[in-house]
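Let's have the full structure, built from the sequences with the hints guiding it.
There are 8 protein chains.
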Amino acid sequence: MELTVYLAGEIHSDWREQLKSKAAESGLPLTFVGPQENHDLSDAIGEKIIGSQPNNVTRDDAASGINNLRTQVLMQKADLVIALFGEKYKQWNTAMDASMALTLNKPLILIRPESLVHPLKELSNRANVTVETVDQALDVLHYIYQ
Amino acid sequence: MELTVYLAGEIHSDWREQLKSKAAESGLPLTFVGPQENHDLSDAIGEKIIGSQPNNVTRDDAASGINNLRTQVLMQKADLVIALFGEKYKQWNTAMDASMALTLNKPLILIRPESLVHPLKELSNRANVTVETVDQALDVLHYIYQ
Amino acid sequence: MELTVYLAGEIHSDWREQLKSKAAESGLPLTFVGPQENHDLSDAIGEKIIGSQPNNVTRDDAASGINNLRTQVLMQKADLVIALFGEKYKQWNTAMDASMALTLNKPLILIRPESLVHPLKELSNRANVTVETVDQALDVLHYIYQ
Amino acid sequence: MELTVYLAGEIHSDWREQLKSKAAESGLPLTFVGPQENHDLSDAIGEKIIGSQPNNVTRDDAASGINNLRTQVLMQKADLVIALFGEKYKQWNTAMDASMALTLNKPLILIRPESLVHPLKELSNRANVTVETVDQALDVLHYIYQ
Amino acid sequence: MELTVYLAGEIHSDWREQLKSKAAESGLPLTFVGPQENHDLSDAIGEKIIGSQPNNVTRDDAASGINNLRTQVLMQKADLVIALFGEKYKQWNTAMDASMALTLNKPLILIRPESLVHPLKELSNRANVTVETVDQALDVLHYIYQ
Amino acid sequence: MELTVYLAGEIHSDWREQLKSKAAESGLPLTFVGPQENHDLSDAIGEKIIGSQPNNVTRDDAASGINNLRTQVLMQKADLVIALFGEKYKQWNTAMDASMALTLNKPLILIRPESLVHPLKELSNRANVTVETVDQALDVLHYIYQ
Amino acid sequence: MELTVYLAGEIHSDWREQLKSKAAESGLPLTFVGPQENHDLSDAIGEKIIGSQPNNVTRDDAASGINNLRTQVLMQKADLVIALFGEKYKQWNTAMDASMALTLNKPLILIRPESLVHPLKELSNRANVTVETVDQALDVLHYIYQ
Amino acid sequence: MELTVYLAGEIHSDWREQLKSKAAESGLPLTFVGPQENHDLSDAIGEKIIGSQPNNVTRDDAASGINNLRTQVLMQKADLVIALFGEKYKQWNTAMDASMALTLNKPLILIRPESLVHPLKELSNRANVTVETVDQALDVLHYIYQ
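Residue numbers (numbering that gives the first Met the number 0), protein chains in the order written: chain A, 0 to 145; chain B, 0 to 145; chain C, 0 to 145; chain D, 0 to 145; chain E, 0 to 145; chain F, 0 to 145; chain G, 0 to 145; chain H, 0 to 145.
Derived by calculation from the structure, the hints in this document are not laboratory data. Some hints could be false.
As the list claims (entries may be wrong) - In the EDC-like style, the derived pairs of lysine to aspartate or glutamate whose C-alpha atoms are separated by at most 20 Å in a straight line are: (1) F:K76 with E:D78; (2) B:K47 with C:D138; (3) E:K47 with F:D138; (4) C:K47 with E:D138; (5) B:K76 with F:D78; (6) G:K76 with D:E1; (7) G:K89 with G:E131; (8) F:K89 with H:E113; (9) E:K21 with E:D134; (10) D:K47 with A:E113; (11) B:K21 with B:E1; (12) D:K89 with D:D13.
The structure presented is a predicted model; accordingly, all values stated were derived computationally and were not measured.
See below:
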């Protein structure tokens, strides 16, 4: 039973690498997909492909269209979604991706630190499972195969 | 042609009252629904109905289940959704509600200040229309009836 | 904002009458629907309409087809569902109706006594809200209108 | 034509092993999935992954979120579902899973002893096929390939 | 609780009038819709609106497009469907409409004489309820309101 | 049986007024909705609401977001769609709206002159009914009520 | 691009074998599925698996539940459906399967003799393509790969 | 992560060959599908398979049914869609296919020359990404794998 997991959430830390390398050790047949992790590329991709834009609003819109296409293609391939919130940043894309997953009936594991319990309470309540660490999310993936 | 509009977003300012009162002046057949605007009640509703909870996590979870039920009932009645982001607060519920609306194929008008152009660029790209003020959102509603 | 509420669950007590009469006092624009509450009629309706059946299996099947048609028609009209489990009876129809509601994306309020916490834990986890009394379920309905 | 079959139902007997071993003998390209069959692990998985909980309600809720995620992932992979009811236990999860399958348009084979004809009559009427033994369910699987 | 009922089936007898007049006597809030009952008009409607056609195949295709549009509009309005098969005629439209209803998750009452038990066995098995007379179908409608 | 009809197609002639006035004479309970018919307003609405844009591409994008929101809101209310193609103009919005209607399972009447038979053959084949005049489309609406 | 094709229609002639053997010669990556072609087995399968039934109605119902499960499993795997009507038999299962396919958005090729043009006109109008011979249906399959 | 891409748009230039050959050089696991590119065959396929037709309207309808079946089968297999508009031709099939893709929730890349900005503004606004060249579309495909 191969499963594809979309990893939504912050792209400023190496949590995806940690999770992928531990999953690889376990030998489970998991494929991981997710957003563009090169932050500069993610912001610049619109102008890089389409050409220079007249202002910041249109520059951002050009990039986000391509990022959204990527997310839509990959999330539709996913069997479940893990969304990680850190303590910094606004992370509205993480909330947007998590809610898209839930509304598409894709199971969701939410990872968030204890400090974010209150502001994430409604999203946590909709998630299937809420944990605090990447290792706990990996434990949930393992449990599917036990 | 009566339309029901769900007003997602911050509950710390009176933007909903402004929008509703201006809409009422225009005489358009609009019904507005939205989240619980009494912040204290919204946080306390779990314990108020279900009884005291063992800790903050479960207190928050009890409240959020009831808030989520409310949102789900009312958003399913809505023909379109307006989501407002302000400059303060994490506002992950606003992002969650906006994404749910889009995924359910409900048209979305996003209201956000210029300062939030960059962090909201992917959500803005998915929205049908992005504006900066409540009056502009109201102009879009008027345009449907012109 | 009129709402239709399907009341799933045991038909051996008068909990629906309690809930309806308290809701009527509150003046909220709620319409309640639910299964056939006349237990004998519910069991006999197949033979009553279609004629006598060769054995108990076919007698039960004849009745259940008509009961299921009724549930399907009325639940499709419902905006949300309340499901009550009591301490007696197998109540598999209640579980079936509650799960149908959740899978159809209809919000669910689960009412169950403390003694059933463990056997109903997975259903409770999928429900939007779990309470122990009819009055608490009514409080949740009130909260939608506050 | 490979098919994946979700085996819902009681985890206190070895019916899944019987069914799987007989299916293996037949050489049909069937993959079987199902709930966690280690009952203690199933009840403890919440605290095992997330940590100790303040009381039984939250302990059960923590476990059930993870069990529900597992069910949702695996059932979405399934082409059809077999649900077995035995004479003991409340088995509300079995009823919940069977109804989820039917509502998701997954074909359902119901296995139940004659003694449960009456209380399961509505679920049996919605099922595609109702049988009394594991061997009969296996016969239905064989028939798909004949 | 107003319900709309689509009456599929033969247009050569007056069964719809019988059913409607008995339903009217009962005072139930039922609205009935259905196919064009004027057989000649139904066959001629293509040429009548679009103009003369080069041969019988295209004449029939022109009529059937308009008949199918009518069915699609009205069946999408229906809460449930009653399909009647008589002993004469091929009645493939009745089978087509009944199957469309079931696939759209509209509850179906099938009316067929005892002589058609065998050739209609698969459709009868998918229907919610199978009866032999118009009065029995009306009894099922009454039961929804009891 | 009230029906709402979305009128897609060119906004440079008065075909909608003709159709609406003839429908009004017939007394049928039809409500007509459609795109913004004031062409200048339709092109300018983006800058009018959101403010001046840096170039023609962004000016057009600002207007089209608002026009698309309008179409989405109104088409979701529609029971069927009429799409008219004339001999001039590219009319890609008409093709887009007609295809959206068909994909959403909304019945479609296509009106096109004989000169466009060949380039519209695939759309015509998907439409429920293809006619050449507004009067013929109105005849199809009448037929639903006969 | 592998495709799975469900072959609905009469089981009294060898049209499926003809079609499969010609398709095999062409080397196209097609997999064919369909109903049980052993007529006696198809009628007897209920009693064969579940045991003897009290009368013909229940015997037929037992068989049809198993046949319907088979159809549902296999049609959900299919990318397109071919339905053949011959000049004999009532063939309501063929009409039922064809309509299920269309309503599930599965493309349909209808094969019917010229003598059935009139009674099948509405189904033919809904089908993507209508032909008169098995070879023509095969030509359509070939065209997908050209 | 293998992806299937449907290439909608004009069949009078070799843009598909350019795109496929460049994609092949990159080694990405992409499969391309699309409409019949032999224009004469596309127009003649109806008469070629079904036989000579009485006039041009029916000749075109016969061909388009087969072309639409092909598009429906292949687009349902696609993970995303690229639609190219050139400066000539009416290209209503391109608009129809692009809108079908968007309504089916398939991500869309629109390729159009600057001269078509205005007439395609609504479709461009609904598309995920709009570019002007085949190479830019290929860049977007590459970005999914970065």
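Structure-based check of all given hints:
1. F:K76 with E:D78: Holds: F:K76 and E:D78 sit about 18 Å apart, inside 20 Å.
2. B:K47 with C:D138: 9 Å, holds
3. E:K47 with F:D138: 9 Å, holds
4. C:K47 with E:D138: 9 Å, holds
5. B:K76 with F:D78: 18 Å, holds
6. G:K76 with D:E1: Holds - the C-alpha atoms of D:E1 and G:K76 are around 10 Å apart, at most 20 Å.
7. G:K89 with G:E131: 18 Å, holds
8. F:K89 with H:E113: Status holds; Cα separation ~15 Å.
9. E:K21 with E:D134: 9 Å, holds
10. D:K47 with A:E113: 18 Å, holds
11. B:K21 with B:E1: Answer holds: B:K21 to B:E1 is near 17 Å, not above 20 Å.
12. D:K89 with D:D13: 18 Å, holds
Taken one by one, the earlier hints all hold for this structure without exception.
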